[in-house]
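Assemble the complex: chain F is given as a structure, and chain Y must be docked to it using the hints.
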Amino acid sequence: GQQLNQSPQSMFIQEGEDVSMNCTSSSIFNTWLWYKQDPGEGPVLLIALYKAGELTSNGRLTAQFGTTRKDSFLNISASIPSDVGIYFCAGPGFPYNTDKLIFGTGTRLQVFP
Amino acid sequence: NAGVMQNPRHLVRRRGQEARLRCSPMKGHSHVYWYRQLPEEGLKFMVYLQKENIIDESGMPKERFSAEFPKEGPSILRIQQVVRGDSAAYFCASSPRGDEQFFGPGTRLTVL
Numbered sequence: 001g002q003q004l005n006q007s008p009q010s011m012f013i014q015e016g017e018d019v020s021m022n023c024t025s026s027s028i029f030n031t032w033l034w035y036k037q038d039p040g041e042g043p044v045l046l047i048a049l050y051k052a053g054e055l056t057s058n059g060r061l062t063a064q065f066g067t068t069r070k071d072s073f074l075n076i077s078a079s080i081p082s083d084v085g086i087y088f089c090a091g092p093g094f095p096y097n098t099d100k101l102i103f104g105t106g107t108r109l110q111v112f113p
Numbered sequence: 001n002a003g004v005m006q007n008p009r010h011l012v013r014r015r016g017q018e019a020r021l022r023c024s025p026m027k028g029h030s031h032v033y034w035y036r037q038l039p040e041e042g043l044k045f046m047v048y049l050q051k052e053n054i055i056d057e058s059g060m061p062k063e064r065f066s067a068e069f070p071k072e073g074p075s076i077l078r079i080q081q082v083v084r085g086d087s088a089a090y091f092c093a094s095s096p097r098g099d100e101q102f103f104g105p106g107t108r109l110t111v112l
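For the protein sequence lines, the chains are F and Y, in the order given.
Per this note's numbering, the first sequence starts with residue 1, numbered consecutively.
Per this note's numbering, the second sequence starts with residue 1, numbered consecutively.
Just chain F, with the same shape it has in the complex (with noise of 0.2 Å):
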């Protein structure tokens, strides 16, 4: 079946590192998001990514759909406290007509000042 692989699956950085993660997949996707979960929270969108090749920002963070169509990646850049959680790559699944969501195994981030 479709998955999504994450890496790394944590980091320990200090606060105003850059952070890089990534998301590969077996099978082309032909949307990327990216999710973060805070603890005990549910998922927040942070990025959409819709077009091979894509490049798309939302403040320090950077996203890219990669031309392959089989991986995704996220940037963050200057970390802060408030970074801290799992970010989670997901696309919708087979079939495609009801935008259900694969989600990636998480990558956890762990900031210290």
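Keep in mind the hints are simulated off the structure, nothing from the lab.
Be aware that one or more of the hints could be misleading.
[Said to hold, decoys possible] Sample of chain Y residues at the chain F side, in silico, Cβ under 8 Å:
hint: 1; residue: Tyr33
hint: 2; residue: Gly42
hint: 3; residue: Leu43
hint: 4; residue: Phe45
hint: 5; residue: Tyr48
hint: 6; residue: Asp56
hint: 7; residue: Phe91
hint: 8; residue: Glu100
hint: 9; residue: Gly104
hint: 10; residue: Pro105
hint: 11; residue: Gly106
Here a beta-carbon is modelled for each residue, glycine too, at the ideal position from N, C-alpha and C.
Using the frame of chain F, we list chain Y on its own:
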């Protein structure tokens, strides 16, 4: 405009009891999705409903689990005869047209 609301936020049940999880979508949203999240894992799709109709239930176990989204009132995810393996966080998401999904805070079910 209030966000997606779920209740209860925490639910404790003994094995064999029933669990009812409620989801009130955002105002104007007629599409509801239920997902389950086990500890240290991503969310897994369970079921997609529009008002009074189940559109896709391919991720929902065939036995003990059911979902509804009546014409009036919240969407309900019902788990009968709960077992320890049902312990998880259950998230509801809603969307206006079946595109961008907005997630609720989740219900954390613990089965003793």
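> Do the numbers back the hint for Glu100/Y, that is, is its least Cβ distance to chain F under 8 Å?
Replying inline: holds (7 Å)
> Taking the least C-beta to C-beta distance, is Phe45/Y closer than 8 Å to chain F?
Replying inline: holds (4 Å)
>> Using the nearest Cβ pair, does Phe91/Y come within less than 8 Å of chain F?
In response: Holds, about 5 Å.
> When the nearest CB of chain F is found for Tyr48/Y, is that gap smaller than 8 Å?
Replying inline: Holds, about 5 Å.
> Against chain F, with CB atoms and a cut of 8 Å, does the hint on Asp56/Y hold up?
Replying inline: holds (4 Å)
> Once the shortest beta carbon distance from Pro105/Y to chain F is found, is it less than 8 Å?
Replying inline: holds (5 Å)
> Does the interface hint hold: is Leu43/Y within less than 8 Å of chain F, judged Cβ to Cβ?
Replying inline: holds (4 Å)
> Should the hint that Tyr33/Y touches chain F count as held when the rule is a Cβ pair under 8 Å?
Replying inline: Nearest chain F Cβ about 6 Å off; hint holds.
>> Quick check on the hint: Gly104/Y CB to chain F CB, less than 8 Å?
In response: At 5 Å from the nearest chain F Cβ, Gly104/Y passes the 8 Å test, so the hint holds.
> If you take the shortest Cβ to Cβ gap from Gly42/Y to chain F, is it below 8 Å?
Replying inline: holds (4 Å)
> Taking the least C-beta to C-beta distance, is Gly106/Y closer than 8 Å to chain F?
Replying inline: holds (5 Å)
Of the numbered hints stated above, none is contradicted by the structure.
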